[in-house]
Amino acid sequence: MAAAAPPLKDELDIVIPTIRNLDFLEMWRPFFQPYHLIIVQDGDPSKTIKVPDGFDYELYNRDDINKILGPRSSCISFKDSACRCFGYMVSKKKYIFTIDDDCFVANDPSGKQINALEQHIKNLLCPSTPLFFNTLYDPFREGADFVRGYPFSLREGVPTAVSHGLWLNIPDYDAPTQLVKPRERNSRYVDAVLTIPKGTLFPMCGMNLAFDRDLIGPAMYFGLMGDGQPIGRYDDMWAGWCIKVICDHLGLGVKTGLPYIWHSKASNPFVNLKKEYKGIFWQEEIIPFFQSATLSKDSTTVQKCYLELSKQVEEKLGKVDPYFVKLADAMETWIQAWDELNPTKAN
Amino acid sequence: METIFSRFHLIIVQDPDLKGELKIPEGFNLNLYTKSDIDKVVGSSSNAISFSGYSCRYFGYLMSRKKYIISIDDDCIPAKNSNGEPIDAISQHIINLTTPATPFFFNTLYDPFCEGADFVRGYPFSLRSGVECGLSCGLWLNLADYDAPTESLKPDLKNSRYVDAVLTVPARTMLPVSGINISFNNELVGPALLPAFRLAKEGKVRWETVEDIWTGMCVKVVCDHLRLGVESGLPYVWRQERGNAVESLKKEWEGVKLMEDVVPFFQSVRLSESAVTAEDCVVEIASSVKEHLGPLNPTFAHSAETMVEWIKLWKRVRAN
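Order-wise, the sequence lines are chains A and B. Position one of the first sequence corresponds to residue 1 (this note's numbering), numbered consecutively onward. Position one of the second sequence corresponds to residue 1 (this note's numbering), numbered consecutively onward.
These are calculated hints, taken from the structure and not from any lab test. Take the hints with a grain of salt, since some may be wrong.
What the hints assert, rightly or not - Computed from the model, here is a short list of chain B residues facing chain A with C-beta under 8 Å:
1) I87
2) G122
3) L175
4) S232
Since we're looking at a predicted model, the values are computed, not measured. All C-beta atoms in this analysis are idealised placements derived from N, C-alpha and C, irrespective of residue type, glycine included.
Required output: the full structure, derived from the provided sequences and hints.
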């Protein structure tokens, strides 16, 4: 029997931020090789990052980012994996899968290797159900369905914008939790994909994430982190809160659960604590802000939603710290850069 | 179920429509209630409230003086987990009810209080103590709780997927609560587990009813308002075959049609600040049902009345 062509082979880019090396790609080769890679090289642009042979890729270092975006490159973080969102911006594909360079192929409970990319694609290509909770999780998965009591009018679902995968081995804990539980490993394989309900926020981790660029791309800005910024390790969180508010507003779905990858490296919790420290306090203001954020009926595109949100960020979070005024500004710059690199296609 | 149930007190309520004597295995510590007990306690309320069919269990809830109640349909037996070990559903329900719930922010590693898990990066610290759990909804292996159309279309669809998670259903998110395998904190939410939504042609198999779906949404609204949690997931029970879904399809799809109005109603109902107990909440929900759903269908108007009668009955029984 001939093997099926890799799904979405010409419609999906894999975006990988790296500052070290891409050795991890060897393990992913059987699953990733058919796809185009966008490597975003963080840190010293004079360093050469070797890409393993046989991969089709484009690589951007800081010099490239500065050249392509000009003054707008100020919105792209430096010395932080947040720089990956540059890859989202330059991609010409409909779908993005992004993965960290310390994430490897995991095995399911039967010992079989998990093709994380394939699962993300399945998640993105079938509808989400944010309007009513299905107790058997994703009703579109094989072997499941909508349970008794689930209204038929809601069974069509909505388009899926984001697929958020999870991690076995080193879990995505914050610094305080890492310090208290340095040995905790996630060994629980939860065989579910579920839609995060409308009106509910979640902590989005960028380690193992896929999304539909056409549906939500412009909102996937990973903020100002790293060098010269007062905060780090909140890039994906920030994007996650923004995209959830916008997805809820536009009637799009966000899924979480499978696939799992194997997260191999625990970053230094003391370094992490320094980066996250302000975020831990700011979070307490940021979350209520997003929980109560509403967008106007006139915000009918992702860009309009995002710009409206950026104004609210400046107005309401600017009081918490001047950083948020800078961030709101960067959000605007990001949209300008996005629109310039991605002019609207004629229908 | 003997080894699992025999440590606990059982309340058995015989469906008033079920004639004859029940044969009960020995060795259990139990109370048995039959139609005559129901009539004696309920008295004049018996016109409004029906304890027939699946609703007979609500009489048991009414009679119980315990803090926690677990209720499992009689066509369910212990399931096995993915390691082949028998699941003690009672213990898992107790764990769910006695561990905090986290309805205000979604934790991507599901229950942060279970062993081997925690809150993930980005979870606000002020929300990490959680709230009390009011209701725990378990699941079913083999015959899942599908409605008649789904069951008829896919008669071979068996649930064999063991999802090793308990999660809190977020605040303001509604869900279809199946009465097949649930547990609750009787002190906190007891009055909201009520027999109020009876279809005109309600039958004796689950897919001919939606009474638990209605009740579940009442409980969820109450929990959301009182800042309590509702959890879903483990434990699984093994549900056995019974009935013919296609036969059920021949009856009107009344329940299915009514859900279209029920769900939007519960999603939007809001209670006043003065509703501080489950009883208060139920009375307010009943009033809202009467006003907004009553005009749409007499079933809803009747439900509103029944809910009010139920609270009166609940208070009367508790006072004695």
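| task | Any hints from earlier that this structure breaks? Give me their numbers in increasing order, please. | result | Going through the list in order, the structure violates hint 1 alone and respects the others.
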